[in-house]
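Residue numbers (this note's numbering), protein chains in the order written: chain A, 508 to 921; chain E, 9 to 580.
In case anyone wonders, no lab produced these hints; they're calculated from the structure. Treat each hint with caution, since some may be false.
Here are the simulated PhoX-like cross-link-like pairs (lysine-lysine), alpha carbons at most 20 Å apart as the crow flies [as the list claims (entries may be wrong)]: (1) Lys445(E) <-> Lys561(E); (2) Lys512(A) <-> Lys735(A); (3) Lys165(E) <-> Lys690(A); (4) Lys623(A) <-> Lys709(A); (5) Lys579(A) <-> Lys704(A); (6) Lys773(A) <-> Lys756(A); (7) Lys128(E) <-> Lys165(E); (8) Lys183(E) <-> Lys690(A); (9) Lys735(A) <-> Lys555(A); (10) Lys64(E) <-> Lys13(E); (11) Lys624(A) <-> Lys641(A); (12) Lys697(A) <-> Lys64(E); (13) Lys65(E) <-> Lys697(A); (14) Lys75(E) <-> Lys697(A); (15) Lys75(E) <-> Lys22(E).
The primary structure of each chain is shown beneath.
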Amino acid sequence: MIQQKVISKRFGKVDPLSIDSYIKFDGYNALEKALTMHPTQIIDEIEKSKIRGRGGAGFPAHIKARALANAKQPKYIVCNADEGEPGNFKDRIIMENDPFSILEGMVILAYATGAKKGYIYIRGEYQNAIKIMKMTIQNAIDKGYLGENILNKGFDFNLEIRTGAGSYVVGEEFSMIESIEGKPGRSRVKPPYPTDKGIHDKPTLINNVETFANFPHIILMGGDNYAKIGTPSSTGTKLISLSGNVKNKGLYEVPFGTSIRDVIFKLGDGVSYNRSIKMVQLGGASGPIIPEYMLDMAIDFERFENFDSKTGTGAIIVIDERFDIFDILLINMNFFVHQSCGKCAPCREGHTQIVNLLNKIKNHRGTEQDLMSLENLANVIQQTSLCGLGQTSMTSIISSLRYFRDDYFAKVRY
Amino acid sequence: MVNLKINNIDIQAKENTTILEAARQNHIDIPTLCNYPDLSIKSECRVCVVEINGQKKLHTSCSTVVKDGMVVKTNSPKVLNSRKTIIELILANHDANCTACPKNYNCELQSLANKLGIDKNRFPTVLDIQPIDNENPVLIRNINRCIKCGRCIDMCKNVQSMGVLDVMGRSKDMKITPAYGKFLTDEFCTYCGQCSSVCPVGAIIENDDTDRVWEALNNPSLHVIVQVAPAVRVSLGEELGMEPGSIVTEKVVAALKYLGFDGVFDTDFTADLTIIEEGNELIERITNGGTLPMMTSCCPGWINFAEQKYPEILDNISSCKSPQQMFGALAKSYYPKKMKLKPDDIFVVSIMPCTAKKYEAQRDEMKIDNVHSDVDVVLTTRELGKMIRQMGINFENIEEVPFDKPFGITTGAAAIFGATGGVMEAALRTVYEVVNKEELTDINFTAVRGTEGIKEAEVEIGGQKIKVAVAHTLENAKTLSEQVKNGTSPYTFIEIMTCPGGCIGGGGQPYGTTKAVRDKRIEAIYQVDENMPIRKSHKNPDIIALYDEYLLKPLGKKSHHLLHTHYSSRKK
Ligand SMILES: Cc1cc2nc3c(=O)[nH]c(=O)nc-3n(C[C@H](O)[C@H](O)[C@H](O)COP(=O)(O)O)c2cc1C
Ligand code: SF4
Ligand code: SF4
Ligand code: SF4
Ligand code: SF4
Ligand code: FES
Numbered sequence: 508m509i510q511q512k513v514i515s516k517r518f519g520k521v522d523p524l525s526i527d528s529y530i531k532f533d534g535y536n537a538l539e540k541a542l543t544m545h546p547t548q549i550i551d552e553i554e555k556s557k558i559r560g561r562g563g564a565g566f567p568a569h570i571k572a573r574a575l576a577n578a579k580q581p582k583y584i585v586c587n588a589d590e591g592e593p594g595n596f597k598d599r600i601i602m603e604n605d606p607f608s609i610l611e612g613m614v615i616l617a618y619a620t621g622a623k624k625g626y627i628y629i630r631g632e633y634q635n636a637i638k639i640m641k642m643t644i645q646n647a648i649d650k651g652y653l654g655e656n657i658l659n660k661g662f663d664f665n666l667e668i669r670t671g672a673g674s675y676v677v678g679e680e681f682s683m684i685e686s687i688e689g690k691p692g693r694s695r696v697k698p699p700y701p702t703d704k705g706i707h708d709k710p711t712l713i714n715n716v717e718t719f720a721n722f723p724h725i726i727l728m729g730g731d732n733y734a735k736i737g738t739p740s741s742t743g744t745k746l747i748s749l750s751g752n753v754k755n756k757g758l759y760e761v762p763f764g765t766s767i768r769d770v771i772f773k774l775g776d777g778v779s780y781n782r783s784i785k786m787v788q789l790g791g792a793s794g795p796i797i798p799e800y801m802l803d804m805a806i807d808f809e810r811f812e813n814f815d816s817k818t819g820t821g822a823i824i825v826i827d828e829r830f831d832i833f834d835i836l837l838i839n840m841n842f843f844v845h846q847s848c849g850k851c852a853p854c855r856e857g858h859t860q861i862v863n864l865l866n867k868i869k870n871h872r873g874t875e876q877d878l879m880s881l882e883n884l885a886n887v888i889q890q891t892s893l894c895g896l897g898q899t900s901m902t903s904i905i906s907s908l909r910y911f912r913d914d915y916f917a918k919v920r921y
Numbered sequence: 009m010v011n012l013k014i015n016n017i018d019i020q021a022k023e024n025t026t027i028l029e030a031a032r033q034n035h036i037d038i039p040t041l042c043n044y045p046d047l048s049i050k051s052e053c054r055v056c057v058v059e060i061n062g063q064k065k066l067h068t069s070c071s072t073v074v075k076d077g078m079v080v081k082t083n084s085p086k087v088l089n090s091r092k093t094i095i096e097l098i099l100a101n102h103d104a105n106c107t108a109c110p111k112n113y114n115c116e117l118q119s120l121a122n123k124l125g126i127d128k129n130r131f132p133t134v135l136d137i138q139p140i141d142n143e144n145p146v147l148i149r150n151i152n153r154c155i156k157c158g159r160c161i162d163m164c165k166n167v168q169s170m171g172v173l174d175v176m177g178r179s180k181d182m183k184i185t186p187a188y189g190k191f192l193t194d195e196f197c198t199y200c201g202q203c204s205s206v207c208p209v210g211a212i213i214e215n216d217d218t219d220r221v222w223e224a225l226n227n228p229s230l231h232v233i234v235q236v237a238p239a240v241r242v243s244l245g246e247e248l249g250m251e252p253g254s255i256v257t258e259k260v261v262a263a264l265k266y267l268g269f270d271g272v273f274d275t276d277f278t279a280d281l282t283i284i285e286e287g288n289e290l291i292e293r294i295t296n297g298g299t300l301p302m303m304t305s306c307c308p309g310w311i312n313f314a315e316q317k318y319p320e321i322l323d324n325i326s327s328c329k330s331p332q333q334m335f336g337a338l339a340k341s342y343y344p345k346k347m348k349l350k351p352d353d354i355f356v357v358s359i360m361p362c363t364a365k366k367y368e369a370q371r372d373e374m375k376i377d378n379v380h381s382d383v384d385v386v387l388t389t390r391e392l393g394k395m396i397r398q399m400g401i402n403f404e405n406i407e408e409v410p411f412d413k414p415f416g417i418t419t420g421a422a423a424i425f426g427a428t429g430g431v432m433e434a435a436l437r438t439v440y441e442v443v444n445k446e447e448l449t450d451i452n453f454t455a456v457r458g459t460e461g462i463k464e465a466e467v468e469i470g471g472q473k474i475k476v477a478v479a480h481t482l483e484n485a486k487t488l489s490e491q492v493k494n495g496t497s498p499y500t501f502i503e504i505m506t507c508p509g510g511c512i513g514g515g516g517q518p519y520g521t522t523k524a525v526r527d528k529r530i531e532a533i534y535q536v537d538e539n540m541p542i543r544k545s546h547k548n549p550d551i552i553a554l555y556d557e558y559l560l561k562p563l564g565k566k567s568h569h570l571l572h573t574h575y576s577s578r579k580k
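Here chain A stands alone, though its shape is the one from the complex:
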């Protein structure tokens, strides 16, 4: 039993479009319980649970919640369902299989923080999920779980769905805020942070879909019990989007601390034709590329921090021996060339030059000098870019230079 189904416990067992079906399967028990608690007690439980955000960066959830609770009205809650990071599909699957759990988590947080208005920002390509979430909102309103005077407790919370297609950077919190304001999705200077000045400069809390889906469980089992799942630094379970050259691709839920190897081999049943694994990319296009010998690494925020990226989304992309690392890197980098919002110089201009250098090296035309330029430029983009896109887009390059240096040396001209 490697899997531990908390978030996914209802997947396939309830009718996602039926609120009654959800209620029958423990649905809204957590909200009922939360409404008997004092708002600060709820945040205390979240703090005790030690849960960290599931959108990639792993920021402690209670800090944002507490900041929003202390902020003046009006204030907003946003559910980040943009899921633009290649290799990730967990948020879509939650929305399609257990949409009410997301709403329940959002309403609990609204009650805890006093926010009266929220948005769910869904990636435009997710047409089915958009349809489901719209119906879910209507059903919840009809049954008194959303809207005015929720469960006759005299508190209101209204939700609106926003969508945007074709832009990865809109998943970044400030770009999302700009997009919700009706502007093109481009980031802003931080600080101030969103909980200070977000939508229309009003305090705004943004959490990932999976983070919200966790809140009802924390309330039901209590923060301390929740914290017993996983590892001391990374509590709870993690949804893993497993893809690439693996036999059983799909979504799995494991407690933190499970090894990457176990996910690939025990849950994913390994690689077809017993090919060997050349590399694994964690988190998505902005995550690190690691070699086979590192697969015993545990899924854990502490380990991920070494890579300084959005590894924490929980994507695992397996790439077997048939692939050239430069082709994989070029796919990643071409993605960023097009996804950069263009606002800051290193990211806007840098990715094009990274692609140039990679092509040169891949085609045996690169010199040692080019290799140095590549390494240098990747570090500059990472260290000086304005938002998380440029700050994390170089992770695959930087990790490949660490773990696959021989692949570079084999191509470089002397």
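Chain A is already provided as a structure; the job is to place chain E with the ligands on it using the hints.
Same frame as chain A, but now just chain E with the ligands:
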């Protein structure tokens, strides 16, 4: 107070100062590119990054506020390398052909590259050459030189409330262009040129007309004369290496003579004339129930704004031509008559702080013979600076020479046209004395001076109290225009200037104009006023003579033909 260390030096800074400000206050320079004094913090170029102890990422000093105990390094190898790399990246997507660029030696990118020791670029050029926008007579946008710093957008959108320029597209295709079209002519551009004055590179520049002037000067059959606007005498020195706010009135005259002009005149003269005509128009509107409030008309940026955005209020705008155009009209009528010359042989050049004047001069309404422009060429302060450099004139030490006759005598009232509130003050000095038939005890209307966005004052004219207002920048013009449009304006007379601080802050003034520099120029212009023997337009003996001898009376038939105009809606 916050205690921090920058480059191992203990520093105290006020709460909420940025690292950049704290460093500069202590004579530690950090290079910047997108940052510009008085504009918002954009944090886009990332050139100003510094290292902060305990932080893995570098931080932009222009946007990061100091904290107690912070330890900052502004010049560590990591920082220097990052800056250099970023500038190399920018240069690889820039049409870096310095000797064929008007900003050569005056370009922030060029000097930054030089400072950082960039003499080769590791990155190949990725520039995708785009067409140049030269569809209008005023501003040329060459986006192949644009480095996407966002200054022009900030200026156009936030200071001028125009939003003509904006960010279009994203990633490597991101461009700074007119929002809905390719050309400035597709938009409501007012040609104020404020964008050009903050652009760090040569991506927005005035249409250079110096060659046309050289050609005229070298044509023996032309009688080439020139007028100099009020604001130029306190800014041309700066363009030629002197301190901001240097008063160089008679040095300008000497330099222009050296360049070969046949007559060098002062736009101040027609500024005095404007006051007589406009003052009388105001009195007439008040006494005969004309459209009020009356709004000034000497700023062509404002006229462009009103014709495109507020056609409903065109009747409120004074029918007086601007001083530049009054001069042009006289130069092609009264002047040739007096000098026994053929009007067609006269070539009129203006030296203006302004880019919008280039547009004004070629309007159809500004041709008294309906064929030729009254003012043939308009040069900005910067363009005149260029001609003076071309001739190798030692400007600072040139021997001073007074303006030519006729139009020789001018007043302090005319000089202050160059600063926001100046036209209002000059008009009040005259209207008050003419209507009330008593001498002003204090001719300084200080309420309308200063750089507040909208200023108000109350004056008693003909036994009734009237309210007046003064606005500069189009953002403030919009506020007052909105009131006029809605019929809620409490004012009788309103002065509007497009540029921050008025013409001393014009779009054609020397680069590097900031609030601090504008303040110095304003100070200088009131100094010019103080030093004048005559400080009221209606006391100018040459103006009185002009009416006696030629115009006969204010608002008369001749005035009407030569000195007044009309406006038409250009709403798109
Ligand atoms: C370029 C970029 C894209 C991102 N895309 C997403 C996304 O699709 N979904 C998401 O939840 N967070 C995304 N993030 C992270 C968000 O900025 C933010 O940290 C997150 O939504 C916070 O939620 P959490 O605390 O629950 O993780 C992205 C960040 C960056 C820099
Ligand atoms: S890092 Fe990239 S995506 Fe983020 S602000 Fe800069 S250009 Fe835009
Ligand atoms: S000239 Fe003025 S109005 Fe036109 S684009 Fe520049 S700043 Fe905007
Ligand atoms: S045109 Fe000039 S001011 Fe505007 S973004 Fe480009 S470089 Fe900056
Ligand atoms: S304020 Fe002066 S410089 Fe600016 S547009 Fe008007 S006339 Fe020209
Ligand atoms: S000057 Fe600080 S980012 Fe441009």
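Hinted pair Lys735(A) and Lys555(A), Cα distance within 20 Å
This hinted pair holds, its Cα atoms lying about 10 Å apart.
Lys183(E) and Lys690(A) were given as a pair; does the straight-line alpha-carbon distance stay at or below 20 Å?
holds (16 Å)
Does Lys512(A) pair with Lys735(A) here, judged by a C-alpha cut-off of 20 Å?
Holds, at about 15 Å.
Sort out whether Lys64(E) lies within 20 Å of Lys697(A), counting only the CA atoms.
Satisfied, since the Cα-Cα distance of roughly 16 Å is no more than 20 Å.
Straight-line alpha-carbon gap Lys64(E) to Lys13(E), limit 20 Å
Holds, because 18 Å separates the two Cα atoms, which is no more than 20 Å.
Straight-line alpha-carbon gap Lys75(E) to Lys697(A), limit 20 Å
holds (15 Å)
Has the given pair, Lys623(A) with Lys709(A), been kept, meaning a C-alpha gap of at most 20 Å?
holds (13 Å)
Holds or violated: Lys128(E) to Lys165(E), with C-alpha atoms at most 20 Å apart:
Violated: Lys128(E) and Lys165(E) sit about 36 Å apart, past 20 Å.
Is the hinted pair Lys445(E) and Lys561(E) satisfied, with a Cα-Cα distance of at most 20 Å?
holds (18 Å)
Holds or violated: are the alpha carbons of Lys65(E) and Lys697(A) at most 20 Å from each other?
holds (13 Å)
Please work out if Lys624(A) and Lys641(A) have their alpha carbons no farther apart than 20 Å.
holds (16 Å)
Quickly compare the C-alpha distance for Lys75(E) and Lys22(E) to 20 Å and report which way the hint goes.
holds (10 Å)
Violated hint for the displayed structure: number 7, the only one.
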